[in-house]
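Engineer: Protein chains in written order, with our numbering: chain B, 1 to 736; chain Y, 1 to 153.
What the hints contain is simulated information worked out from the structure, not anything from laboratory work. Bear in mind that the values here come from a model prediction, so they are computed numbers and not experimental data. Incorrect hints may appear among the rest.
To be verified - For each label pair, taking beta carbons as the anchor points, the in silico distance ranges come out as:
id : chain 1 : residue 1 : chain 2 : residue 2 : range
1  : B       : D305      : Y       : A125      : 35 to 43 Å
2  : B       : S253      : Y       : D65       : 37 to 45 Å
3  : B       : S253      : Y       : T13       : 38 to 46 Å
4  : B       : S253      : Y       : A114      : 51 to 59 Å
5  : Y       : A125      : B       : G366      : 52 to 60 Å
6  : B       : K190      : Y       : T13       : 53 to 61 Å
7  : B       : A311      : Y       : E83       : 56 to 64 Å
8  : Y       : G9        : B       : A487      : 54 to 62 Å
Glycine residues also receive a C-beta, built at the ideal position from the N, C-alpha and C atoms.
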Amino acid sequence: MTKSTLSNIFALPQANLEVEPPTRRAVLKIAGAGLVLGFAPLHALSTTPEAGTAAALKPNPFLVISSDNTVTVIIKHLDKGQGAATGLATLVAEELDADWAQIRTGFAPSDPVKYANSAFGVQGVGGSTGLANSYLQYREAGAAARAMLIASAAKLWGVPATELRVEKGFINGASGKGATFGELAALAAKESVPAKVTLKDPKNFIYIGKSFPRVDSKAKSTGTAKFTIDHQFEGMLVATIARPPRFGATVKSFDASAAEKIKDVVKVLQVPQGIALLANNTWAAIKGREELKVIWDDSKAEKRDTAAMLAEYKQLLDKPGAAARKDGDVDAAFKTAAKTIEADFEFPYLAHAPMEPMDCVIRYDGSSAEIWTGSQLQTVDHGAACRVLGLKPEAVQLHTVWAGGSFGRRAIADAHYVVEACDIAKAYGKPVPIKVIWTREDDIKGGYYRPIYAHRLVAALDAKGNLAGWHHRIVGQSIAAGTPFEAMIVKNGIDGTSVEGAANLPYAVPNMNVELHTVQAGVPVLWWRSVGSTHNAHATEHMMDILAKEAGIDPVEFRLSHLKDKPRHVAVLKLAAEKSGWGIPLPPNTFRGVAVHESFSSYVAQVAEVELKDDGSFKVTRVVCAIDCGLAVNPDVVAAQMEGGIGYGLGAGLKGAITLKGGAVEQSNFDGYEVLRMSEMPKIEVHIVPSSAPPTGVGEPGTPVILPAVANALFAGTGVRTLQLPMNKQKYKSAV
Amino acid sequence: MAITLTVNGTAQTFEGDPEMPLLWVLRDQFHMTGTKFGCGAGLCGACTVLFAGSPQRACQVTAKDAAGKEITTIEGLSGKVAEAVHKAWIAHDVVQCGYCQPGQVVSATALLTANAKPSDADIDAAMDGNICRCSTYHRIRTAIHTAAKTLEG
Numbered sequence: 001m002t003k004s005t006l007s008n009i010f011a012l013p014q015a016n017l018e019v020e021p022p023t024r025r026a027v028l029k030i031a032g033a034g035l036v037l038g039f040a041p042l043h044a045l046s047t048t049p050e051a052g053t054a055a056a057l058k059p060n061p062f063l064v065i066s067s068d069n070t071v072t073v074i075i076k077h078l079d080k081g082q083g084a085a086t087g088l089a090t091l092v093a094e095e096l097d098a099d100w101a102q103i104r105t106g107f108a109p110s111d112p113v114k115y116a117n118s119a120f121g122v123q124g125v126g127g128s129t130g131l132a133n134s135y136l137q138y139r140e141a142g143a144a145a146r147a148m149l150i151a152s153a154a155k156l157w158g159v160p161a162t163e164l165r166v167e168k169g170f171i172n173g174a175s176g177k178g179a180t181f182g183e184l185a186a187l188a189a190k191e192s193v194p195a196k197v198t199l200k201d202p203k204n205f206i207y208i209g210k211s212f213p214r215v216d217s218k219a220k221s222t223g224t225a226k227f228t229i230d231h232q233f234e235g236m237l238v239a240t241i242a243r244p245p246r247f248g249a250t251v252k253s254f255d256a257s258a259a260e261k262i263k264d265v266v267k268v269l270q271v272p273q274g275i276a277l278l279a280n281n282t283w284a285a286i287k288g289r290e291e292l293k294v295i296w297d298d299s300k301a302e303k304r305d306t307a308a309m310l311a312e313y314k315q316l317l318d319k320p321g322a323a324a325r326k327d328g329d330v331d332a333a334f335k336t337a338a339k340t341i342e343a344d345f346e347f348p349y350l351a352h353a354p355m356e357p358m359d360c361v362i363r364y365d366g367s368s369a370e371i372w373t374g375s376q377l378q379t380v381d382h383g384a385a386c387r388v389l390g391l392k393p394e395a396v397q398l399h400t401v402w403a404g405g406s407f408g409r410r411a412i413a414d415a416h417y418v419v420e421a422c423d424i425a426k427a428y429g430k431p432v433p434i435k436v437i438w439t440r441e442d443d444i445k446g447g448y449y450r451p452i453y454a455h456r457l458v459a460a461l462d463a464k465g466n467l468a469g470w471h472h473r474i475v476g477q478s479i480a481a482g483t484p485f486e487a488m489i490v491k492n493g494i495d496g497t498s499v500e501g502a503a504n505l506p507y508a509v510p511n512m513n514v515e516l517h518t519v520q521a522g523v524p525v526l527w528w529r530s531v532g533s534t535h536n537a538h539a540t541e542h543m544m545d546i547l548a549k550e551a552g553i554d555p556v557e558f559r560l561s562h563l564k565d566k567p568r569h570v571a572v573l574k575l576a577a578e579k580s581g582w583g584i585p586l587p588p589n590t591f592r593g594v595a596v597h598e599s600f601s602s603y604v605a606q607v608a609e610v611e612l613k614d615d616g617s618f619k620v621t622r623v624v625c626a627i628d629c630g631l632a633v634n635p636d637v638v639a640a641q642m643e644g645g646i647g648y649g650l651g652a653g654l655k656g657a658i659t660l661k662g663g664a665v666e667q668s669n670f671d672g673y674e675v676l677r678m679s680e681m682p683k684i685e686v687h688i689v690p691s692s693a694p695p696t697g698v699g700e701p702g703t704p705v706i707l708p709a710v711a712n713a714l715f716a717g718t719g720v721r722t723l724q725l726p727m728n729k730q731k732y733k734s735a736v
Numbered sequence: 001m002a003i004t005l006t007v008n009g010t011a012q013t014f015e016g017d018p019e020m021p022l023l024w025v026l027r028d029q030f031h032m033t034g035t036k037f038g039c040g041a042g043l044c045g046a047c048t049v050l051f052a053g054s055p056q057r058a059c060q061v062t063a064k065d066a067a068g069k070e071i072t073t074i075e076g077l078s079g080k081v082a083e084a085v086h087k088a089w090i091a092h093d094v095v096q097c098g099y100c101q102p103g104q105v106v107s108a109t110a111l112l113t114a115n116a117k118p119s120d121a122d123i124d125a126a127m128d129g130n131i132c133r134c135s136t137y138h139r140i141r142t143a144i145h146t147a148a149k150t151l152e153g
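In isolation and in its complexed conformation, chain Y is listed as follows:
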């Protein structure tokens, strides 16, 4: 049975196992590899995508449950907030190995969309689920504050 998923505004059909996590549908079936596999258990945030703007762990949602959702991946992340986040990430040279960063950028975009001026505590709460083994946390925090300032205009 075909499942239709709307990813980055485009409807795509998937005919495999309806229990396949969205993560692997995106990566293996739709060849969108920006969303990363880190734990497969919703513990690290490397696979964070947006469902109608709200962060979700793609490894924890089945293809069948993702049907009908408005899914945004790192590849489709756009708009003022995402732009400000990307700019801040580059300005502060946040990345090191970079593997977790698509997830970090998606989570940060969701945070700033919901909360234009997050405090350090807000950042802790929103970003604690996104592990970075290179510990770029220090710069992620700075970059989120910078992006917030940019958006303030």
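The shape of chain B in the complex, shown without the other chains:
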């Protein structure tokens, strides 16, 4: 994949698009309220630049130093909890030698060039690339500002620049001279931006690799952080959409008469997504929708049960699929094997269920539009809005705001939650702000799930207990097919996201086939935190424990003996084993399980401790996690992402499943689609492998490892294999 391919795929506004940098007023607002760019208070939509812009130092698109001595770091990526704002701010603060207390953050406007993710070539974040692609860029941005501040101070005081020292946001000169960044900002702005900067030697880092408090803790724990749903404007309407109960159905006819009688319901409109209802407040928008009578045309809808879909997938497990990896001669290996072990796995649809259901705010007046949303792929969302509204890129302003979670849900190739807001605004035709909200029911029933997968794994052991053959067949929907990402992700009929974590199995096996059947279904699917690894890590790592047992070898030893030239896998595996007390006896009915997996270029091993109850239920009590993510820019954020990733994966593994009956989703809220709760959260210890390698992802890699680690602990305790997910489908009791 190349950047230019991606730009072409998205048919993006090209480089001549100039998006204005944030105005000083916007920056000051951020500084004052700790809020995001684009925040406009109730009763005030338009923002006008204020005087005083000249007082600010804006050496590049990534930071602004104001005369009030604040440093505002412009965050090019959505922060949905993963800590993008804190991480990018840390990079700037480090090279600037700023005091962390003077750091503010604001989200960048949509700009596919200035704010591109260098891993994608367009603006957006995903695949745990946020920090990695910004690591040098944001450091260089901070270093450039620092050089300009020093140059201006040197001129002001008539001393050589080399005599000046910068410490915690203060420039110290010889003979008692000194100034804050804010005092020098206006002068420094007159300096030319250095073409080349020298970055710090990592041994001199003051923040990177150490600690840097989150920039959003206070606003988020006091309820002042502003999410999409919190945007309110004078005259704003709230919209809900009655969507078809079956995916692919369309409106045949509708009767809005009862809904229109509800007080505060303003308008009912047909839109491509279904029937939209606009009201003066959220309650009327929710209640009014219940009164809509819609007849749906199900002729093109998906009408199968998930059980039937899975049965079809399982039939394909008997047939060869497209080759994702082919080493040696698997058939020959199985003929001479001492032992052959087979296991079939089934994985359900999973909803992301972020705490903030999908939402989008739009103001459209026929010739321009402003959009506020937790946009994860800004370039895609912005481009989609321009297309639907028929506006030029410069006429559409996209404001990225804090998102109440995503886990992949807000990184949407079809930009559907922006598109529907545009469709409603266009259909309504009045220049009032409209907030489109999804209820939790809309979210759970709304599709864009982690696909259902069926797996078959057959492995051969030789007489010494070495892996001699490995045959892995996977069946499931393609996430990328039919999206603008297809050309980039699908190669030779293989959707890379379907086989990631399987085709790159780290273990040395001389004969290996990995095959894929891509099936069609009418249910929209999407990447879900750690994507292909969500199922491939479980199938492969659970299989490794099944094989270790057959070989009569300790699971850690068994893995180590097959990890050739995989030093980073080995290091995290050994670290997790050591810190967990692997091999040290546990209390009765408590068992350990281990798993190791690479995803998004980071390496994670986990040891889970599980306490078995007499009734076949269990509790995960402790998880020891080791990660190698290259240099850990903020070790505490890395730990938080591991904790969160473990909880997210554990909840889904224990009880997550979306099922369809006759095409209709059977779950609707957190009662039917259960998620992890406080009482189920294990104690977690995170150990980070010291590294000076470039930073890699942390948002996703913690998630896929927990499920096999827990399954392996249960397997150690009971001999019961975890082949059908979620785990609450079976009891874990020893057959003995």
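We have chain B already, so just place chain Y on it with the hints.
Structural biologist: Below, chain Y without anything else, positioned relative to chain B:
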């Protein structure tokens, strides 16, 4: 018919649908958006507020039933316990996406007000109704213990 609600010590009048859940009265009518919508069914705790110190799901109480109650929202949360909770939340950098956190902070404040030294089991019981999809549970538990220690003096 106007309904008078006492929110954070201030009486405010609401003239809309008396069946409107308190959640939407607070958010849409009084413009207090700290209380979050997560499920609308009393299943997630994102909309937790206090009625005379006791936690309530604002999505499950109608405006009419909230009349006459002493309502405290995240915006009005104050006092020694709330302060200790906020401090602990910041010290441990509990938040990730942050959307559920106003509800978590309100629930934790109610817990510590009623039980100055909660055990892990007490925390499980009091906080199980507050979902966090970022799974910050681990740090919420630690922060509650820290806040309890602070209050112990």
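Engineer: Out of the numbered hints, which ones does the structure contradict?
Structural biologist: Nothing - there is no hint that the structure violates, so all of them hold.
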